[in-house]
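**Q** Okay, here's what each chain looks like letter by letter:
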Amino acid sequence: MRRATRTEARCRRAAAGFLLPFLALFLLCFLAPIGYAVYQSLLKPKRSGPLGLGGTTHEVWAGLGNYTHALGDPRFLEGFGRVLLFGAVQIPVMIVLAAGLALLLDAASARWVGFFRTAFFLPYGVPGVIASILWGFLYVPGLSPLVEVAHSAGWQVDFLARDTVLWSIANIVTWQFTGYNMLVLIAQLKAVPGELYEAARIDGAHAGQIAWHIKLPLIRPALVLATVFSIIGTLQLFAEPMVLRPLAATIDSGYTPNLHAYNEAFTSNNQHVAAAEAVLLALVACVLSFGFLRLVGRGRDGK
Amino acid sequence: MTGPPLRHRIATTSLLAVAAVYFLVPVYWLVVSATKSTGDLFGSFGFWFADPHPVTYLRQMLTYDGGVYVTWFANSLLYAGVGAVAATLLAAAAGYALAKFVFPGRESVFNLILAGVLIPGTALALPLYLLFSEMGLANTHWAVLLPSMVSPFGVYLCRIYAAAAVPDSLLEAARLDGAGEARIFTVLGLRLMTPALITVFLFQFVHIWNNFFLPLVMLADADLYPIQLGLTSWQGYADRQPELYQYTVGGAFLSVLPLMVLMGVGQRYWRTGLTEGSVKA
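Just so you know, the protein sequences line up as chains A and B, in that order. Each step along the first sequence adds one to the number in our numbering, with nothing skipped, and position 206 is 206. Each step along the second sequence adds one to the number in our numbering, with nothing skipped, and position 203 is 1203.
No lab work stands behind these hints, which were simulated from the structure alone. Where hints are given, some of them may not hold.
[Claimed, not checked] Partial selection, computed: residues in chain A whose CB lies under 7 Å from chain B:
no., residue
1, Ile210
2, Ala211
3, Ile232
4, Gly297
[Claimed, not checked] To spell it out: a stretch of chain B is covered by chain A in this simulated footprint if at least three of its residues, at any positions, have a beta carbon under 8 Å from a beta carbon of chain A; those stretches are:
no., segment
5, 1050-1061
6, 1089-1097
[Unchecked claim] If the Cβ cut is set under 7 Å, some of the chain B residues that face chain A in the computed set are:
no., residue
7, Ala1020
8, Leu1024
9, Leu1124
10, Ala1163
Bear in mind that the values here come from a model prediction, so they are computed numbers and not experimental data. In this text, a Cβ means the ideal position worked out from N, Cα and C, and glycines have one as well.
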């Protein structure tokens, strides 16, 4: 009995020793900023001098004032609407493309598979900023060989116009992350035992039927996960519009919610509103990703 | 065994080839453009060479402004290298503890860490900046390094892997031999978890190398910038100083190389980690 409790104590001490370094940093870099953001979002600056002029500023309780300010700002809301529209189009396109390429690679003869897989995965190694600079050069009229080729074919394109620039950004994101998602899906396809396909083939199923009825349902968990991470990523959209901003006049300082919060904090020096916007952004990300997980979870139970 | 009919194979390969063109064309453009001067960047056809002098142009880029690009490159290596090694070791220890020890509150701690995977990183960066400014950490190397050392996804992967790959009987035997817990972890645990650790390292390295928002928010001093931040600052000035177009393209080309090497060398480990991460989710 005494021995058992001693091993238990030793066990706990050791576990604590292994966990604490990580937990300390997790507390500092994940939990503390969330708490601090919520706290800051409930305060506002107030000048103490006569008539509110001069003197020192100190912080006073603002209640939900910063949240109503943020939600009352039409540009902030427009930014949200823009990334939601972006996600509603770009995420399905990218996931379908990734799944299509994964299934094609899975079915293709082995010779070229390695080359194609590496080629598709390569853009994941190009940082978002570099990818945006790169595509930016491919979008700018006068520099872009794409525009040049299109013009000589008699096709007038402007990748940076008011109604095209959002989709030009969507192209950058798709270019970067399709290959990564494809690799996740391939990894899951490889985990499927080969006998399953063999049995289906003997039953007379052709390649298309096997892909649709057997492979797709099997990679469903990976598809769901990829979608959730894409939703979170889309809401954080920042580097691409930031880099393209000098090239496209339609991208303003509130083009995405993140850009808006950043400018609120560093250009307008309004960190309390920025904190409220960061909290709202995290909340929307949570609601959307959990909402999506519940939606697909219910769909599966219904089957 | 008969393969699929020939016309299927042709159709599949052509579709894959079209996709490959889409994914490779911008990379090809970057390689071609890295050999051009600013004049040729604007004056010649983008998809073909014009008077290539790659070495001269890269040397100009590397020595511009007192060699600031080299500083940025070193900073990126420091942030991504040290950050990813530290993140991997911390995640390994935490994942090992969560997999191999029973203690009260274990599942709550694990769920809390998992929730961290779903929090948008940029939503954290702004408040983290406000917090670090109060602590006097903003605009130092630590401001980027410390958050880079935390990988909740790494803990998740390490826990799953340790549970499957580190047998309890082996740990018991080591304990009976009188080995301390720290020694058992460093000698047995880390060795058995190596494939997962390489995956965590690769993911974290790429994550830190590609991270833009955190350094943008944290750093004001150009000497602390990682490459990405430095290149956007060059791009911002290029209107007034046209040679910066050439340097931005050359700098982008050089900055992409380390990750390309990592992706090529580590493909096997990418797939290991992705299988572990997705199948068991």
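**Q** Each of the hints needs a verdict: does it hold here or not?
**A** Here's how the hints hold up against the structure:
1. Ile210: violated, 11 Å
2. Ala211: violated, 11 Å
3. Ile232: holds, 5 Å
4. Gly297: violated, 13 Å
5. 1050-1061: violated (count 0)
6. 1089-1097: holds (count 6)
7. Ala1020: Interface hint status for B:Ala1020: holds (4 Å vs cutoff 7 Å).
8. Leu1024: holds, 6 Å
9. Leu1124: holds, 5 Å
10. Ala1163: violated, 14 Å
When held up to the earlier numbered hints, the structure conflicts with 1, 2, 4, 5 and 10 and fits the remainder.
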